[in-house]
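Trainee: Got chain U sorted already, so can you dock chain X onto it with the hints?
Heads up: the sequence lines are chains U and X, in that order.
Per this note's numbering, the very first residue in the first sequence carries number 1; after that it's consecutive.
Per this note's numbering, the very first residue in the second sequence carries number 1; after that it's consecutive.
Please keep in mind that the hints were generated in silico from the structure rather than gathered at the bench.
Each hint should be verified, as a subset may be incorrect.
With a cut-off of at most 20 Å between alpha-carbon atoms, the simulated SDA-like pairs for lysine to any residue come out as follows [stated by the list, open to error]:
id, chain 1, residue 1, chain 2, residue 2
1, U, LYS473, U, ALA434
2, U, LYS427, X, ASP283
3, X, LYS281, U, THR468
4, X, LYS281, U, THR467
5, U, LYS473, X, ASP282
6, X, LYS281, U, HIS496
7, U, LYS528, U, HIS496
From chain U, some residues computed to sit far from chain X (all C-beta separations above 10 Å) [said to hold, decoys possible]:
id, residue
8, GLY94
9, GLY102
10, PHE296
11, ALA340
12, PRO517
Examples of chain U residues toward chain X, derived with CB under 7 Å [to be verified]:
id, residue
13, THR290
14, LEU292
15, PRO294
16, SER297
17, GLN336
18, GLY339
19, ARG343
20, VAL346
21, ASN352
22, PRO424
23, LYS427
Ideal Cβ placement from N, Cα and C applies to all residues, glycine included.
Residues per chain are reported as follows:
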Amino acid sequence: MRSLLFRTTALLIALGGLAACSADTSKQTVSAPAAKTAAVQKDAVYAPRQLVMRRLSGEQYQNVIHDVFGPTIELGGRFEPDLRVGGLLAVGSGDVSITAAGIEQYDTMSRRIAGQVVDEKRRDMMLRCKPANAAAPDDVCAGQVMARVGRILYRRPLSQTELQAYVTAANVGAVKTKSFYAGLQLSLAAMLSSPKFLFRTEMSEPDPDHAGGWRLDAYSKASQLSFFLWNSGPDQILLDAADSGKLNTRKGVAEQVERMIASQRLEEGVRAFFIDNFGFDQFETLTKDTTLFPKFSAQAAADAQEQTLKTIVDLLLKNKGDYRDIFTTKKTFITQELGAIYRIPVVDTLPNGAPDTWQPYEFAATDPRGGILTQVAFTALHSPPGRGSPTLRGKALREVLLCQKVPAPPAAVKFDIVQDTNNPLYKTARDRLAAHANNPVCAGCHKIIDPIGLALENFDGAGAYRTTEQGAKIDTSGMLDGVNFTNAAELGKVVHDNPATTSCLVNRLSAYAIGRPVQEAAWLDDLKQRFSASNYQLPALMREIAMSDNFFAVVQSETKAAATEAAPQREAR
Amino acid sequence: MRTYISAVLGAAALTVSLSAPAAAETRSYVVSWFGLATNSDEKDCPGGPNPGVQLQYLKSLADLGYNSKQIEEMVKKSQNGDGGEMFDALRNRGRMDGKPVSPYIYPATTKDPQWKAITGKQAFGFNLDGRGEATRNGFEDPQTHEKGVNNELYRALGCYISMRGSLSGRPTYWAWAWGQLKDSQPAWLITVDGADLSKDGPVTVTFDRALEHLKSNVDGSPRADATYRIDSDPRSHNSYRGEIKGGMVTITDHTDFRMLQNPLVAPEVKLSKAHLRMKLKDDGTLDAFLGGYQPWSDLYFSFGSGGIGIEQCVTGDVPGLYWLMRKHADADPDPKTGQNTTISATYYMEGVQAFAAQPMTPKVAGDAGAR
Numbered sequence: 001m002r003s004l005l006f007r008t009t010a011l012l013i014a015l016g017g018l019a020a021c022s023a024d025t026s027k028q029t030v031s032a033p034a035a036k037t038a039a040v041q042k043d044a045v046y047a048p049r050q051l052v053m054r055r056l057s058g059e060q061y062q063n064v065i066h067d068v069f070g071p072t073i074e075l076g077g078r079f080e081p082d083l084r085v086g087g088l089l090a091v092g093s094g095d096v097s098i099t100a101a102g103i104e105q106y107d108t109m110s111r112r113i114a115g116q117v118v119d120e121k122r123r124d125m126m127l128r129c130k131p132a133n134a135a136a137p138d139d140v141c142a143g144q145v146m147a148r149v150g151r152i153l154y155r156r157p158l159s160q161t162e163l164q165a166y167v168t169a170a171n172v173g174a175v176k177t178k179s180f181y182a183g184l185q186l187s188l189a190a191m192l193s194s195p196k197f198l199f200r201t202e203m204s205e206p207d208p209d210h211a212g213g214w215r216l217d218a219y220s221k222a223s224q225l226s227f228f229l230w231n232s233g234p235d236q237i238l239l240d241a242a243d244s245g246k247l248n249t250r251k252g253v254a255e256q257v258e259r260m261i262a263s264q265r266l267e268e269g270v271r272a273f274f275i276d277n278f279g280f281d282q283f284e285t286l287t288k289d290t291t292l293f294p295k296f297s298a299q300a301a302a303d304a305q306e307q308t309l310k311t312i313v314d315l316l317l318k319n320k321g322d323y324r325d326i327f328t329t330k331k332t333f334i335t336q337e338l339g340a341i342y343r344i345p346v347v348d349t350l351p352n353g354a355p356d357t358w359q360p361y362e363f364a365a366t367d368p369r370g371g372i373l374t375q376v377a378f379t380a381l382h383s384p385p386g387r388g389s390p391t392l393r394g395k396a397l398r399e400v401l402l403c404q405k406v407p408a409p410p411a412a413v414k415f416d417i418v419q420d421t422n423n424p425l426y427k428t429a430r431d432r433l434a435a436h437a438n439n440p441v442c443a444g445c446h447k448i449i450d451p452i453g454l455a456l457e458n459f460d461g462a463g464a465y466r467t468t469e470q471g472a473k474i475d476t477s478g479m480l481d482g483v484n485f486t487n488a489a490e491l492g493k494v495v496h497d498n499p500a501t502t503s504c505l506v507n508r509l510s511a512y513a514i515g516r517p518v519q520e521a522a523w524l525d526d527l528k529q530r531f532s533a534s535n536y537q538l539p540a541l542m543r544e545i546a547m548s549d550n551f552f553a554v555v556q557s558e559t560k561a562a563a564t565e566a567a568p569q570r571e572a573r
Numbered sequence: 001m002r003t004y005i006s007a008v009l010g011a012a013a014l015t016v017s018l019s020a021p022a023a024a025e026t027r028s029y030v031v032s033w034f035g036l037a038t039n040s041d042e043k044d045c046p047g048g049p050n051p052g053v054q055l056q057y058l059k060s061l062a063d064l065g066y067n068s069k070q071i072e073e074m075v076k077k078s079q080n081g082d083g084g085e086m087f088d089a090l091r092n093r094g095r096m097d098g099k100p101v102s103p104y105i106y107p108a109t110t111k112d113p114q115w116k117a118i119t120g121k122q123a124f125g126f127n128l129d130g131r132g133e134a135t136r137n138g139f140e141d142p143q144t145h146e147k148g149v150n151n152e153l154y155r156a157l158g159c160y161i162s163m164r165g166s167l168s169g170r171p172t173y174w175a176w177a178w179g180q181l182k183d184s185q186p187a188w189l190i191t192v193d194g195a196d197l198s199k200d201g202p203v204t205v206t207f208d209r210a211l212e213h214l215k216s217n218v219d220g221s222p223r224a225d226a227t228y229r230i231d232s233d234p235r236s237h238n239s240y241r242g243e244i245k246g247g248m249v250t251i252t253d254h255t256d257f258r259m260l261q262n263p264l265v266a267p268e269v270k271l272s273k274a275h276l277r278m279k280l281k282d283d284g285t286l287d288a289f290l291g292g293y294q295p296w297s298d299l300y301f302s303f304g305s306g307g308i309g310i311e312q313c314v315t316g317d318v319p320g321l322y323w324l325m326r327k328h329a330d331a332d333p334d335p336k337t338g339q340n341t342t343i344s345a346t347y348y349m350e351g352v353q354a355f356a357a358q359p360m361t362p363k364v365a366g367d368a369g370a371r
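Chain U extracted, bound-state conformation (with noise of 0.2 Å):
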């Protein structure tokens, strides 16, 4: 009956919440009638776009969550598989819906979320008000909380409309239940299933400073600027300033940005964009040969993703550092189980079975490790179960690194002389695929991809070191875009060196920040100018991205259809 009357509840309440997407007039946030984009205003760099409804990621989710509950607050779900679009995730959530699995798993996370947050022991603090009966309704305190978790939680104030619907909802499961906090725990539940909390909405009104164009509204500007800068939603600040019409000032924008990049949350936003970027994800399903590469522990990979993310972050936030010696640094950081990978002493203190504890590293200027190319991350991620691939870390360099598209290989293609890493006739990597690339249908793209991915084949398949392989000594010689290099030191340096490291960065930063890939390329050039004179500085960055006026405009729907023709290619994860 209680599990009937919940499901009923927050199904109705979720169903309202969809219409509300359309319906709410209550404040200003509804979509004027459209304009031609002919009328908009023009200047050098002034390229809007069209007005996203985005899915939460699971860590977005999560940081949301505990934001308003705190960290202790278990998910106990999971989340849909994500779709990545034009190399980044977050462009992908625009265009990801929920399956009716994926229902299932946020009402259970929900329902999960709102129990432990009127459980007796955490109520006083999470609910800060108390009914006047606990076995009854009470409008003005299950009122107060709706309120404040709903406007963080739908990163706006709740319409009027919306907060009755929840009170009214949490009344009448109090009155079913006989208990204040059931009905309250079934309100709540139904305000995290609701697509108004799952969904990023963005809503636009006319942009005084553009004529005839649209800008977001205060609030979507509230949560572009936090879920970019932070990952996570606006906080009371932030959404203060939204409600004070401060963000609709460049002022004002500029005193809540400047506020978030001096923030330490800014790490979590720094985060958030490599993980995607670098396509972390794929750590979820990556299997290595566990004979072969006895190492490569669960614990191994997840570290792994770690110590580039420490190594980006230490050398970009903390350190200040240019963005384009993240391919040189010698500088990371280590723990035993990756100590053990690259054959490093790490000494700890902890007891035996205690998690490992992260130390300073240093690699040696003769060692051939350097730059997150050369770390487990990189060189394990982008490899199949059994060995190293030239070819599949070469494709990841050129794509991720260096926005450069590799074709996808013909159909049929023979791959057996690559795989075959016994072969006595070939012996290296580079033996087997100067073979595999006597069929000219393979040559033009191997022609592009091996030669950087060859100058890694000192890590196995695992991102261990080696020389040799079978026997025979591997040549990490080649060149990338006409520079040669003989190591993989070396290429760290061609790469920090190459126009399009640097280039490619402002790309993919650019649309993961308005979730869609950039094809302005006035707007894409001024970036780039600005990131050269901040000397690749990663906030600085992130600052013009998000000081720029492109970044909270949008065309309206009748210039949709000139927007699809160049829909970006979807990938598959």
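Mentor: Relative to chain U, chain X alone:
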């Protein structure tokens, strides 16, 4: 390989200060297998190995005076889940002043079952007594072909089914024992220092206990290149001068060896006149034979402490082991009784390369930036 060595050299800075003169290369290993060195064959026990524990029990019951009908009845009951009478009898088959006592605690109160010992001619080991071929009942080592090898512990135990095996086919008892030890006791470390371990020359070999347990890979195999802290407890610190020749390390100081162990198997491994033969292999592993004279009563009481459970499941007749070891003990006679108190023994070890580090001052968990 060059890089690997450089990594090891990097680790050398962490390793304990050793007495090797001008040591330029240090390699440390963590022991990944420890057990009695065995090389059983089809002919080394006349008429085959000793019977399994069920038949040993029948003999014990007969020795206690039960007739065949009584034994048959007890066995039947046991097979139907009522083994109380039989196991009570076995659990108290010692006789002290005519009264039943535990045969595990008081093995000398049992009747010597006269179980067989090895009569084969080969056993891994060393010429511990220095007599060479003049040694009475000396073995020939199957690897070195040295004659006059002393390994009476292998002789004593080697016809027990649970103690039979080879270097690769682990004896049941020692496989069980190592399975218990590796996850429950601090790992053992071996460090070799020399000028250049790829060349012949003097070395120093050091055995230490770690503070960490042996670390394993995802497939259960021992993890190479893991880091261990050296336990500063001097009871488990053993350092010997030695030499490396053709990749084989031997020690020239034949002093005592002592290493603390999990009491489940033995509180400690103690050997006098320690001998070592250790092969450092190109794949980064080692195998080693460690021999010496071991107090056999220590070893017996480790078997005995397991009681009837270990006896049934792993070793076989425990008091029988007592009688065998007592009979074959070959050194250090008790001045009063003349009974030899130690027995020549050789253990086989395997190891994988590791980093051995001096322990650091404990720090607060998480201060290294754990996420």
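Trainee: Against this structure, judge whether each hint is valid.
Mentor: Evaluated hints:
Annotation: proposed proximity of LYS473(U) to ALA434(U) holds, straight-line Cα distance about 16 Å (limit 20 Å). A distance of roughly 19 Å separates the Cα atoms of LYS427(U) and ASP283(X); the hinted pair therefore holds under the 20 Å criterion. Annotation: proposed proximity of LYS281(X) to THR468(U) holds, straight-line Cα distance about 18 Å (limit 20 Å). The straight-line distance between the Cα atoms of LYS281(X) and THR467(U) is roughly 18 Å, inside the 20 Å bound, and the hint therefore holds.
As the CA atoms of LYS473(U) and ASP282(X) are separated by approximately 17 Å, the hinted pair is consistent with the 20 Å bound. The straight-line distance between the Cα atoms of LYS281(X) and HIS496(U) is roughly 40 Å, outside the 20 Å bound, and the hint therefore fails. About 15 Å separates the Cα atoms of LYS528(U) and HIS496(U), which keeps this hinted pair within 20 Å; it holds. The non-interface label for GLY94(U) is consistent with chain X: the shortest C-beta to C-beta separation is roughly 30 Å, beyond 10 Å.
In this structure GLY102(U) is separated from chain X by more than 10 Å, as the shortest Cβ-Cβ distance comes to about 28 Å. Under the 10 Å C-beta cut-off, the non-interface status given to PHE296(U) relative to chain X is violated; the minimum distance is some 7 Å. Look at ALA340(U): its CB is around 5 Å from the nearest CB on chain X, not clear of 10 Å, so calling it non-interface is violated. Non-interface status of PRO517(U) relative to chain X is upheld: no Cβ of that chain comes within 10 Å, the nearest being about 31 Å off.
A least Cβ separation of about 4 Å between THR290(U) and chain X falls short of the 7 Å threshold, and the interface hint therefore holds. Proximity of LEU292(U) to chain X is violated relative to the hint, the smallest CB-CB distance being about 10 Å (cut-off 7 Å). The beta carbon of PRO294(U) comes within 3 Å of a beta carbon in chain X, closer than 7 Å, and the hint placing it at the interface holds. Taken as an interface hint, SER297(U) checks out: its beta carbon lies about 5 Å from the nearest beta carbon of chain X, inside 7 Å.
This hint holds: GLN336(U) has a C-beta 6 Å from the nearest C-beta of chain X, less than the 7 Å allowed. Checking GLY339(U) against chain X: minimum C-beta separation of about 6 Å stays under 7 Å; hint holds. With a least beta-carbon distance of about 5 Å to chain X, the hint placing ARG343(U) at the interface is held under the 7 Å criterion. Restraint check, VAL346(U) versus chain X: the minimum CB separation of about 5 Å is within 7 Å; hint holds.
Taken as an interface hint, ASN352(U) checks out: its beta carbon lies about 5 Å from the nearest beta carbon of chain X, inside 7 Å. Among the interface hints, the one on PRO424(U) is violated; its C-beta lies about 20 Å from the nearest C-beta in chain X, farther than the 7 Å criterion. The interface hint given for LYS427(U) is broken, as the beta carbon of that residue sits about 17 Å from the closest beta carbon of chain X, more than 7 Å.
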